[in-house]
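Undergrad: Sequence lines, in order, name chains A and B.
All residue numbers in the first sequence are consecutive under my numbering, ending with 191.
All residue numbers in the second sequence are consecutive under my numbering, ending with 1444.
Keep in mind the hints are simulated off the structure, nothing from the lab.
Among the clues, some could well be false.
Said to hold, decoys possible - To spell it out: a stretch of chain A is covered by chain B in this simulated footprint if at least three of its residues, at any positions, have a beta carbon under 8 Å from a beta carbon of chain B; those stretches are: (1) 125–134; (2) 149–162; (3) 177–191.
As the list claims (entries may be wrong) - Here are the computed lysine to any residue pairs in the SDA-like style, where the Cα-Cα straight-line distance is at most 20 Å: (4) Lys93(A) x Gly1421(B); (5) Lys1212(B) x Glu77(A); (6) Lys112(A) x Leu187(A); (7) Lys189(A) x Lys1047(B); (8) Lys1355(B) x Gly1325(B); (9) Lys1047(B) x Gly1421(B); (10) Lys1212(B) x Glu166(A); (11) Lys93(A) x Gly1302(B); (12) Lys93(A) x Gln1365(B); (13) Lys102(A) x Asn146(A); (14) Lys93(A) x Gln1343(B); (15) Lys85(A) x Arg167(A); (16) Lys189(A) x Ser156(A).
Nothing here was measured: the structure is a model prediction, and the numbers come from that model.
Ideal placement from N, C-alpha and C gives every residue a C-beta, glycine not left out.
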Amino acid sequence: MAQRRRSALLFAVPVLALSLFLVGCPKRPATTAASAPPPTGSPTPSAAAPSTTPSPSMTPSPAAPSTAATTPPAPSEFRATDNLKDVFFDFDKYDIRPTDAKTLDTNAAWLKSNDNLVLVEGHCDERGTNEYNLALGERRAKAAMNYLVAQGVQASRITIISYGKERPTCTEHSESCWAQNRRAHFLVKAR
Amino acid sequence: MMRPGRPLLCLVASVVVLVLAGVLASPPPVRSQSDIFVNVLATGAKKLNIVIPNFAVVAGSDTGGLGRSLPQVTARDLTFSALFSVVSDVPPIPTADPAAVRATFANFASAGAHAGLQGLISLRGDRIEVEMRLYDLTSPEFRLIATKKIELPANQPRRLSHKIADEVVMQFTGEAGIADTKIAYVNTGGGAKELSLMDYDGAGPTHVTSNKSINLSPMWSPDTRSLAFTSYMRGYPYLYRMFPFENRPVQVVAGFLGINSSPAFSPDGRFLAMTLSRDGNPEVYVLNLATGAFRRLTSYSGIDTEPTWSPTGREIAFVSERAGGAHVFVMDAEGANVRRLTQAGFNTQPRWSPKGDTIVFTSRQGNFDLWAVSPDGSNLRRLTAGPGNNEGASWAPNGRHLVFQSSRSGGYQLFTMLADGSEQQAIPRTPGESTSAAWSPRLP
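Let the hints inform the model, and build the full structure from the sequences given.
TA: What follows is the structure in structure tokens.
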């Protein structure tokens, strides 16, 4: 874009107002913008560019941290069991309600007599952001885990995962449905 | 010499004088790039009338009808900008005869056009070049404001149109338009939640992940080359970085126990803010991308998440429940000097304007709607008021437009609006639900 001079404006403003009525619009020198920039090198985003899916292979970036030495088993290796019941939470809360404490007592008792690894999933209802609900689900899973540990289940047996609002059990847009989704869910894996 | 008719001259004069009255009543002008058009546009009260005749093909054979399609895309871009009132799809301006050119311009001017855009297309093999010429139709001699040649591969005609529109906006406002941008988002059209890209106007929607997992929270790097995002592709929610325009593998950015989420690149691209729960609960961290060093910024026993950088890189807004509920706070980039920004409601998803003067966020007061506030906590205002939920705003690089998700028509789809909440319009829908939009910086 051609350089515009501030002084031109300061001059033009009072003159222009007058000149419009007298002689029409003021003249300014025609300006010529710079020619098109040279084509950018790779990468060149384009409408067609993202048509191919990136390679599914992954390599750590130079900045990638090493995951903790105690890498947990994949979530897909855990299985649901009828012996462990879900507990539920109020909206935007992660404290264990009294009735749910009884459920967790029962879960803890079963876990103490069955030496499995445990995955505690934290879930939220559909309202609110993905990111905040990820954090909220994490807090719910952690709250349930802490309760189990307080009841004598070894912390080293327990892994938590937050699914935020991403894996609802009920998909209607109602409070009764949301209440079912605000939950901690338990799965086990044999050692 | 052709001159505008007296009625038009009076119209233009009255508009200009009104604008100048506003300029003269305000503090002395200090804008270095001001001209009369900037002043017209800056008032927000008057759109500039621009005529965009079909482009003339001066070299090669226009088998694809570019002479008509290129200016139509440009016309839609300029209409979207909300700065222009556009007339298009009229016969091309004659290229050879100066008298005919003047007569054509005189007709446009007498019809109320303030500016005219001429395009000359040259088709050379697999390249398209357009020479654009922008004229001031309010000047007696139909002054040439600017001319520019733009060339791109023939398979990117829409991008060529967008670049022309962005140059027109540049000429009249001093800042390029935002038509040559993309929007990243999450789409459920394939069953899973996959990352997708499309042009800012919804053209060319394409999935850029296909891992059949849950992919969340895409966020652009400032150079527009990469997207950071959270994915469950390996089972647990790790943070990744992908390069959608390059043949490069996806990188793991953070793979700690717990959540690795809510990425936000610093404006200089050197740091990536994020939420990690590796220390026991969700806290905001900053990763130095060159060294791999993580620095923890928050220390509260509950939730801290959703960081967003100020354009200076000196402050970070984020969400915390430290005051009860969810509220937006601001801290400096080292984590000190925390101050609370919102008082009422349940407030998440802060996004700092690239101009620095506004933070938009989602507030739940009944339904979810978009609000805005100044970084000092003043000027709180509501941008949307239903219908449905309106959430997850992301700024265009000019700080004038926002993209967001709304459930107003059923499942979530993406919409755009101006920063004051006006001009709400749907982006053409794609199958499935679309959420978590991230407007790219201007493409390189």
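Undergrad: Looking back at the hints listed earlier, which ones does the structure fail to meet?
TA: 3, 4, 7, 8
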